[in-house]
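Participant: Listed in order, the protein sequences are those of chains Z and R.
At position 132 of the first sequence the residue is numbered 132 (the numbering used here), and the sequence of numbers has no breaks.
At position 137 of the second sequence the residue is numbered 137 (the numbering used here), and the sequence of numbers has no breaks.
Quick caveat, the hints were computed from the structure, so don't treat them as lab data.
Mixed in with the good hints, there may be bad ones.
[Claimed, not checked] What follows is a list of derived Cβ distance ranges for each label pair:
#: 1; chain 1: Z; residue 1: Leu-112; chain 2: R; residue 2: Met-237; range: 33 to 41 angstroms
#: 2; chain 1: Z; residue 1: Lys-103; chain 2: R; residue 2: Ala-151; range: 52 to 60 angstroms
#: 3; chain 1: Z; residue 1: Asn-65; chain 2: R; residue 2: Ile-77; range: 38 to 46 angstroms
#: 4; chain 1: Z; residue 1: Ala-256; chain 2: R; residue 2: Arg-99; range: 25 to 33 angstroms
#: 5; chain 1: Z; residue 1: Ile-222; chain 2: R; residue 2: Ala-151; range: 42 to 50 angstroms
#: 6; chain 1: Z; residue 1: Ala-108; chain 2: R; residue 2: Glu-57; range: 36 to 44 angstroms
#: 7; chain 1: Z; residue 1: Lys-134; chain 2: R; residue 2: Arg-99; range: 29 to 37 angstroms
Here the structure is a predicted model, which means the values were calculated and not measured.
From the three backbone atoms N, C-alpha and C, an ideal C-beta is built for every residue, glycine too.
Here's the letter readout for the chains.
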Amino acid sequence: MATARFRQRSSFINHVILTSFALVIILPCLVLIFNSIKPVEEFGTNPLGFPNEIRFMNYYDAWVNGNYTQIFYNSMTLVVGTLILNLTVSGLAAFSLAILNPKGIQTAVVGLYLLVGISIPAQLYILPLFLMWKSLYLLDTRIGLIIIYSALNAPFATFLIRSYMLQLPTELFEAARLDGASTYQLFTKVALPLSWPVFLTTALIVSLNVWNEFLFAITFIITDDYKPISSILFAFQSRFANDYGAVSAASILMAAPIAILFMFFQRRFISGLTSGATKG
Amino acid sequence: MPKFLTNINAISWYFLMPVLFIHFFVIAFPSILSLLLCLTDWNGFGKINYVGLENFEELFRDRIFKKAVYHNFIWTILFLTIPVIISLGLAYLLTGIKRGQMFYRLVFFFPYILASIVNCLIWRYIFHPKHGLGGWFENQGIDFLSKSPFAMKETALYAVAWVDIWHFFGFLVIIYLTGMYQVDDSLYEAADIEGATKFQKFRYITLPMIRPIFILSLIIIIIWSVPTFDYIYILTMGGPAYSSEVVANHLYSQAFQRMNVGYASTIGVMMFFYVGIIVSFFAILRRIGWEV
Numbered sequence: 001m002a003t004a005r006f007r008q009r010s011s012f013i014n015h016v017i018l019t020s021f022a023l024v025i026i027l028p029c030l031v032l033i034f035n036s037i038k039p040v041e042e043f044g045t046n047p048l049g050f051p052n053e054i055r056f057m058n059y060y061d062a063w064v065n066g067n068y069t070q071i072f073y074n075s076m077t078l079v080v081g082t083l084i085l086n087l088t089v090s091g092l093a094a095f096s097l098a099i100l101n102p103k104g105i106q107t108a109v110v111g112l113y114l115l116v117g118i119s120i121p122a123q124l125y126i127l128p129l130f131l132m133w134k135s136l137y138l139l140d141t142r143i144g145l146i147i148i149y150s151a152l153n154a155p156f157a158t159f160l161i162r163s164y165m166l167q168l169p170t171e172l173f174e175a176a177r178l179d180g181a182s183t184y185q186l187f188t189k190v191a192l193p194l195s196w197p198v199f200l201t202t203a204l205i206v207s208l209n210v211w212n213e214f215l216f217a218i219t220f221i222i223t224d225d226y227k228p229i230s231s232i233l234f235a236f237q238s239r240f241a242n243d244y245g246a247v248s249a250a251s252i253l254m255a256a257p258i259a260i261l262f263m264f265f266q267r268r269f270i271s272g273l274t275s276g277a278t279k280g
Numbered sequence: 001m002p003k004f005l006t007n008i009n010a011i012s013w014y015f016l017m018p019v020l021f022i023h024f025f026v027i028a029f030p031s032i033l034s035l036l037l038c039l040t041d042w043n044g045f046g047k048i049n050y051v052g053l054e055n056f057e058e059l060f061r062d063r064i065f066k067k068a069v070y071h072n073f074i075w076t077i078l079f080l081t082i083p084v085i086i087s088l089g090l091a092y093l094l095t096g097i098k099r100g101q102m103f104y105r106l107v108f109f110f111p112y113i114l115a116s117i118v119n120c121l122i123w124r125y126i127f128h129p130k131h132g133l134g135g136w137f138e139n140q141g142i143d144f145l146s147k148s149p150f151a152m153k154e155t156a157l158y159a160v161a162w163v164d165i166w167h168f169f170g171f172l173v174i175i176y177l178t179g180m181y182q183v184d185d186s187l188y189e190a191a192d193i194e195g196a197t198k199f200q201k202f203r204y205i206t207l208p209m210i211r212p213i214f215i216l217s218l219i220i221i222i223i224w225s226v227p228t229f230d231y232i233y234i235l236t237m238g239g240p241a242y243s244s245e246v247v248a249n250h251l252y253s254q255a256f257q258r259m260n261v262g263y264a265s266t267i268g269v270m271m272f273f274y275v276g277i278i279v280s281f282f283a284i285l286r287r288i289g290w291e292v
């Protein structure tokens, strides 16, 4: 009895501390949501609270003034393009490292190579890359950025997919081989259908990385019409510095797709992001 | 090597080609270029002159660079302490509750999936002197946060670090929590029988058992804090008066505002060497059997 009550009380204290930290996260996010539906006049008198008069027009302003139809299209193009290119090259590589030759010299060499790639700070190569892209006419194009994002996410994606494929039973591949499947068919007909969960996780994390990416987005896209949402929002904050309603609405528009995906795929996001770091 | 595959060496290389090609093209080749360009005084166009180690000499005289290195150092220390302590505590508290655990996990992790620009806009508003907290306190007649901490020399770096920590600590909570759940329950039961307090259990069971994951988190923090850029660039641009300038910002302005290709490459090379030294340090520790 005594211990039970003690447990209860201590778990109450746990909840108090945890809730106060949760509030440190929730309250600023709430302020952003409130601001996105607050009329401009109210910001002076009611800086943090729920608006007295709700104004959804902020979203309309942000969408129209920010040319968000185009911007969303740009960001979606980057996400989809990167997914196609990145998952293809990473999937092929992971298949090779996990199934074809898990103990070969390739695994050691390529693994080390990609690991070194992860720990190189982007600042080392961003400027030569910029000059290369300029001379190849890839600068200021979406395809140029797609190639960069695919490469940046390739080590992480390869390792994640590989660690999943390592758990696939080899008997399946042997059986398929006996039935006369080519190596390519082993990949498309056996490995791919079996490892869709890891491809989904990888796709979610890569989409998140591309959608949120900032440094390369502001550097490699110069024309406003091609800019993705992160660099537009960056320009927004100075262009509409005093229109907090519209800037907040624009931020929500950027965060919403990610937040919705997060609601549906919480576990995948969390496991993908943390295992990516701890394995890399 | 599985027997069912023939001629496997060649084929497995074909499957690796695309990723190696794209990775070489985007990361390795420009990195090598950078290692060469740091020995030149190139400005992006015109003639390339070999200047030897002149850029490095200039770098060691560069007052702003020294400042930036110092700020990076503070940044690393801040991240090695504040979020680590908070997250260890929160993860430990989370293991002690049953109901609502998933809720807390999601909330703590949520800022980690938000874009840097969104997090910055949230906190720029909250620290806005006229609106946000400052405005709220003013309406109550209290003079607090009446200047934006991003705009003051003394606080700019710490204010930006706070925003980044706010966004980051949930990630550590999850990592530590994963580690703590791998600890054998029987250890805690034995400690309960011995009458150990909560703190003793944390100190003598939890901490030693999660040591590998804990040290890994420290390595990650050290490596990730070297190229830190987004938050400082968005919130203060390194200002006011270089009071929050970090190395990555210094490089960025040298590279893309002044087009000092050679000099910027030199800064990049220094960052690379620094990260390389840290990574090999831990790799060697692991080699000689020091369990990290």
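Participant: Take the hints in turn and mark each one as holding or not.
Facilitator: Cross-check of the supplied hints:
For Z:Leu-112 and R:Met-237, the Cβ-Cβ distance of about 37 angstroms falls inside the hinted range of 33 to 41 angstroms, so the restraint holds. At about 58 angstroms, the beta-carbon gap between Z:Lys-103 and R:Ala-151 stays in the expected band of 52 to 60 angstroms. The hinted window of 38 to 46 angstroms between Z:Asn-65 and R:Ile-77 holds, with their beta carbons roughly 42 angstroms apart. With their beta carbons about 29 angstroms apart, Z:Ala-256 and R:Arg-99 fall inside the hinted range of 25 to 33 angstroms.
Under the hint 42 to 50 angstroms, the C-beta atoms of Z:Ile-222 and R:Ala-151, about 29 angstroms apart, miss the expected range. Separation of Z:Ala-108 from R:Glu-57 is about 39 angstroms and conforms to the stated range, judged on CB atoms against 36 to 44 angstroms. Taking 29 to 37 angstroms as the suggested C-beta distance range, the pair Z:Lys-134 and R:Arg-99 does not conform, at roughly 57 angstroms.
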